[in-house]
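Engineer: Going down the list, the protein sequences come from chains P and X.
According to our numbering, the stretch in the first sequence is residues 3 to 513, in order.
According to our numbering, the stretch in the second sequence is residues 2 to 380, in order.
Treat the hints as calculated values from the structure; they're not laboratory data.
None of these values were measured; they are calculated from a predicted model.
Hints are all accurate, no fakes.
A short, non-exhaustive set of chain X residues, derived as facing chain P with CB atoms under 7 Å: (1) 233; (2) 234; (3) 246; (4) 367; (5) 371.
Ideal Cβ placement from N, Cα and C applies to all residues, glycine included.
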Amino acid sequence: MDKDKAVLLKGITKYFPGTIANDHVDLQVTRGEVLALLGENGAGKTTLMKILYGMYQPDEGEIYVKGDKVTIRSPHDAMKLAIGMIHQHFTLIPVHNVVENIILGMKPKPGKSLRVENVAEDIKELGEKYGLEVDPYALIRQLPVGMQQRVEILKALYGEAEILIMDEPTAVLTPQETEKLFGFVREFTSFGNSVIFITHKLNEVMEIADSVTVMRDGKLIGSIRKTQATEGLLARMMVGRELELTTGEREKKSGESLLYVDSISVRGDRGNMVLKDLSLEVRKGEIFGIAGVSGNGQEELAEAICGLRKIEEGHIKLENIDICNQNSLSMIKEGIGYIPADRHLEGLVLDMSVEENLILKNPSDPPFSSKGILDWRRIKKNSKDLIRSFSIKTPSSSTKVKALSGGNQQKVVVAREIIIGTRLLVAIQPIRGLDLGAADYVHKALLEEREKGKGILLISTELSEVMTLSDRIGVMYDGKLLKIFQREEANINQIGLLMAGVTGERNGTNG
Amino acid sequence: MNGMGQMDKTNHDENTTLEERMKNRDGKGWLILWPLLSVFLGLFSSGMMMLLLGHNPIHVYWDMVNFAFRDIYNIADIFAKATPLILTGLAFGFAFRSTLFNIGAQGQFYMGCVAAVFCALNLKGLPSLIVLVVCLSASVILGGLWGSLVGFAKAKFNANEFLISMMSTYVALAIMNYLLRGPLIEMKGEYPQTDVIPESSWIPSLLPHTRLHWGFIIALLAAFFAYFILWRTTLGFKIRAVGMNRNAARYAGIDSRKIFVIVFLISGGFAGLAGFMEVNGIQHMLVQGFNPLIGAEGIGIAILGNAHPFGIVLSAILFGALKVGGNLVVQTSTIPSSIIGIMEGFVMLFVILSYYIQDRISVSRSKRQLKAKERGGHK
Numbered sequence: 003m004d005k006d007k008a009v010l011l012k013g014i015t016k017y018f019p020g021t022i023a024n025d026h027v028d029l030q031v032t033r034g035e036v037l038a039l040l041g042e043n044g045a046g047k048t049t050l051m052k053i054l055y056g057m058y059q060p061d062e063g064e065i066y067v068k069g070d071k072v073t074i075r076s077p078h079d080a081m082k083l084a085i086g087m088i089h090q091h092f093t094l095i096p097v098h099n100v101v102e103n104i105i106l107g108m109k110p111k112p113g114k115s116l117r118v119e120n121v122a123e124d125i126k127e128l129g130e131k132y133g134l135e136v137d138p139y140a141l142i143r144q145l146p147v148g149m150q151q152r153v154e155i156l157k158a159l160y161g162e163a164e165i166l167i168m169d170e171p172t173a174v175l176t177p178q179e180t181e182k183l184f185g186f187v188r189e190f191t192s193f194g195n196s197v198i199f200i201t202h203k204l205n206e207v208m209e210i211a212d213s214v215t216v217m218r219d220g221k222l223i224g225s226i227r228k229t230q231a232t233e234g235l236l237a238r239m240m241v242g243r244e245l246e247l248t249t250g251e252r253e254k255k256s257g258e259s260l261l262y263v264d265s266i267s268v269r270g271d272r273g274n275m276v277l278k279d280l281s282l283e284v285r286k287g288e289i290f291g292i293a294g295v296s297g298n299g300q301e302e303l304a305e306a307i308c309g310l311r312k313i314e315e316g317h318i319k320l321e322n323i324d325i326c327n328q329n330s331l332s333m334i335k336e337g338i339g340y341i342p343a344d345r346h347l348e349g350l351v352l353d354m355s356v357e358e359n360l361i362l363k364n365p366s367d368p369p370f371s372s373k374g375i376l377d378w379r380r381i382k383k384n385s386k387d388l389i390r391s392f393s394i395k396t397p398s399s400s401t402k403v404k405a406l407s408g409g410n411q412q413k414v415v416v417a418r419e420i421i422i423g424t425r426l427l428v429a430i431q432p433i434r435g436l437d438l439g440a441a442d443y444v445h446k447a448l449l450e451e452r453e454k455g456k457g458i459l460l461i462s463t464e465l466s467e468v469m470t471l472s473d474r475i476g477v478m479y480d481g482k483l484l485k486i487f488q489r490e491e492a493n494i495n496q497i498g499l500l501m502a503g504v505t506g507e508r509n510g511t512n513g
Numbered sequence: 002m003n004g005m006g007q008m009d010k011t012n013h014d015e016n017t018t019l020e021e022r023m024k025n026r027d028g029k030g031w032l033i034l035w036p037l038l039s040v041f042l043g044l045f046s047s048g049m050m051m052l053l054l055g056h057n058p059i060h061v062y063w064d065m066v067n068f069a070f071r072d073i074y075n076i077a078d079i080f081a082k083a084t085p086l087i088l089t090g091l092a093f094g095f096a097f098r099s100t101l102f103n104i105g106a107q108g109q110f111y112m113g114c115v116a117a118v119f120c121a122l123n124l125k126g127l128p129s130l131i132v133l134v135v136c137l138s139a140s141v142i143l144g145g146l147w148g149s150l151v152g153f154a155k156a157k158f159n160a161n162e163f164l165i166s167m168m169s170t171y172v173a174l175a176i177m178n179y180l181l182r183g184p185l186i187e188m189k190g191e192y193p194q195t196d197v198i199p200e201s202s203w204i205p206s207l208l209p210h211t212r213l214h215w216g217f218i219i220a221l222l223a224a225f226f227a228y229f230i231l232w233r234t235t236l237g238f239k240i241r242a243v244g245m246n247r248n249a250a251r252y253a254g255i256d257s258r259k260i261f262v263i264v265f266l267i268s269g270g271f272a273g274l275a276g277f278m279e280v281n282g283i284q285h286m287l288v289q290g291f292n293p294l295i296g297a298e299g300i301g302i303a304i305l306g307n308a309h310p311f312g313i314v315l316s317a318i319l320f321g322a323l324k325v326g327g328n329l330v331v332q333t334s335t336i337p338s339s340i341i342g343i344m345e346g347f348v349m350l351f352v353i354l355s356y357y358i359q360d361r362i363s364v365s366r367s368k369r370q371l372k373a374k375e376r377g378g379h380k
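Produce the complete structure using the sequences and hints provided.
Structural biologist: This is the structure we're talking about:
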C-alpha cells in the first residue's frame, strides 16, 4: 500500500454508554505534513486520537500505519509504531526530574543503555536539534507549563516518534510559547515526520496546517487542503447544522432591561482571563443570542451569571440589583434558570429518577417538602404534571433519567429550568444531540417563555439556531463580544467571519 | 404534514426502545439476585478450599448450619454478633451513598467505645436508663465528631477522605491506648484495660440467658434512621445528589462541602454507636486491641448490602451467622479458624466482581441499543 500515508483510519466507530463518540470516521495523514483535526469540544477528536494511540479500542474500523494494517492495543504498541501523543493534561510525574520522566516505561534500545547520564546527553542533543532546550535534571514541578510540554514532546521524540499527536497543545501556552511550538512543528515535519494537531482554533489551523479534517458530533464532516480553506468555510463546517428555519414574522416584545452585564472579567479553569471586559444586556421578552465557536468564553459567561464562577471585575445586575458573586443557590432563588451545555454532566443526576431530577434545584421549597421532610406525593404530582405538559416520554415518573432518550432527558432539564427561571433563562446549546422533533420542541418552549416576558440568553455554536430564535445576536470571540446585530440586520457570512475572529481589518497573522 | 410525519416516526422509535429498556432494566429482582449469587459463589469457593484442607465442605457447612441454629443461645448470638456489624456497615454505607469513602469506621468505633466506657465508669449510682442514654449519646457524639473531622478536612482542604479516614483510625487507636494505660486504666493498674463497668450501665438483655441485648433493636432503628434520612428528607436528597453527580449538584446550588461534613458526622455517629453496643452490651469493659476488624467487616457488609440500610441489616446477619457457625465448627473440628476469614473474603470478592460484571453488562447493553438505533436511523 501507499507508504506515503503515515496514518490511515478507516471507518473508526466507538460507542460510549449513551453516545457514539466516533461514527465511521476516516482520516489520513501524509508523511511530512501537519494535519489539523478541527472540531468543537465534544466533537470526538480526542477519542479518535486516543484510539490511534491505543488508549481506547475501536468498536469498528481499521487502522493502517505506513501502509500496514495494525491493531493498537496499548500506548506501548503505538510507541512501537513510532506514534507519540502529547496529552492535553500532561502525564509527567511532578516530583521526578526530566530524565527520569523520559525514561519512565522505556526499554533500552539495542546497543543503548538507560543510564541517566547518557540519556541526559541524548536529551540535550535532541533539544538542540529541535529548539526544545530544557535542563535534564530539573524537577518537573519546578518547570512552567510550557516547559513541561517540551518534556512531553522530548519524551515522544526520545521514543523515536515519527507521528506526533498533539491534543490542543496551545491551550496552555503564551503567544510566544505558541510561536516556538509552531517552529518546532515545522522543523519536525521537515524531516518527513507527521503531526496531528487537535484544535478548535481556526487561526492556528490557518497558520500551521497543511490539511484539515473537520469533525462534528462524532462524525467526519470533511477533509480539505489548507490552500482551499478559508476561515469562514471552516467555521461553517465546524458548527453549521442545517435547521429548518421556523422563523416568520413576530412582534417585538422586548421591554425594559432585565439583565445587565457590566464589563465583567472572569478567569477560566486554567487561571487565565477568558472573559475580558464583556458587557451585554438582556431585556424582558427578548432572546439575546450569542454566536461563536465553543471555547471562546461562552460557558464561563453563563456560569458567571448563574453564580457558578467568580467575577474578577465588573458587575452583573438583575433589574438594577447587583447580583455579582453570589452563590448559585441565591441565583436559583432570584429566578435564573440555567440549561447547561452538558446535560449528563451538569444538568442531570442520571441515576436519579425523573421526579427527583425535576426538583433537583429546589427540594426544600414548598410544596415538595416541609421542615426538611420530603413530600413524595407532591413531588410525584409535580412530576406527572410536568411530564404531561412537556410531553416527556418516560415509562413512569420514578424511572431513572438515564433510561430516557436524549431528547426526553433534555426535556426534563428544560421543564425544570423553565419553572426555576421565573425571570431569566440562560441556555447553552439547548438542542445539542437532539433529533429534529425534540429540538423543535425545545425551541418552541423557549419562544413561549419569551412570549411570557422572560429574558432569555441563548448561547449556541450553531449559527442557524441563534439566527432563528434571537431578537439580537452578539458574536463572541476570545472572551469578547465583537459585534451585536439586530435580528433584521444579521448576515450569516459576516457573523461567520466574526466567529472566526476576522473583524474586517485583517491582520497579517495568517501568512 | 411533513413535520407531523417525522414527529410520529420519532415517537414510535422511542417507544420501542423504551419497551426494550423496560424489559431488561435493572429491576428490584436483580438487586437481590446478584448478592445471592455472590454469596453462593463465595461459599462454593470456600468449599473448594476446605477440600484442599482435607475436609468435606458439605459436612462442614452442614455442621455450621446445625451449630448456628442448634439452640436459642446460638441463634440469639447471631443477632448479637450482627448488632455492631450493622452499625459499622451503616457507617460505610451511608457515606458511600454520597460517594464518600469512610474507611475510618474502626477509629470512630474506638472513640465511641472510649466515650461509652468513660460515661459508664463515671456515672455510678445513677438510674440505669439515664446512664444508658448518656453513654449512648456520648458514643454517638464522639464518634460523629471524630468522623466529621474527616469531612471537614475534605471540605476545607479537598483532602482525600479515603486516606484521611484510614489514618484517623490509627490516631484514634493511639488515643484509646493512651487512655487505657493512663486515665482509664483498671484499679489494679496491671493490664491496659478498664474496670468492669457497673451493672446499671449494661444494656438489658433482650432474651434471657443469651447475649442478645436491646442494642439489636437500636441498631435496627439506626438502619431505619439512615433510610429515612436518605430517602425521606431534603438533606438525604442532597446527599444522594452529591453522591451521584457532584457537578450537577453544584449547578443545582448544593454546597458539597457542607454535605461532606454532615455525612461524615452521621457516618461516624453510627460507628460510635457500635462502640456503645460492644462496651455496654457485650464486653462490659474496654480492653486494648479490642475488636480490631469490625470496621473492615463493615465495609464488606455495606458492599454486600448494596449500601442500602436494609441490605446492610441482612448482610450483617449473614456475617453474624458465619461467625457463630464458623467459630463452633472450628472449635469442634480440626479445620483451621482462618476458614471463617476465607469465607468472608470470598463472599466480598464475588460481590465486588459482580459489580464489575453488572457494569460490563449495562455498558454492552447500551452499545447494542446505540447500534440498533443507528441501524434504524440509516434505513
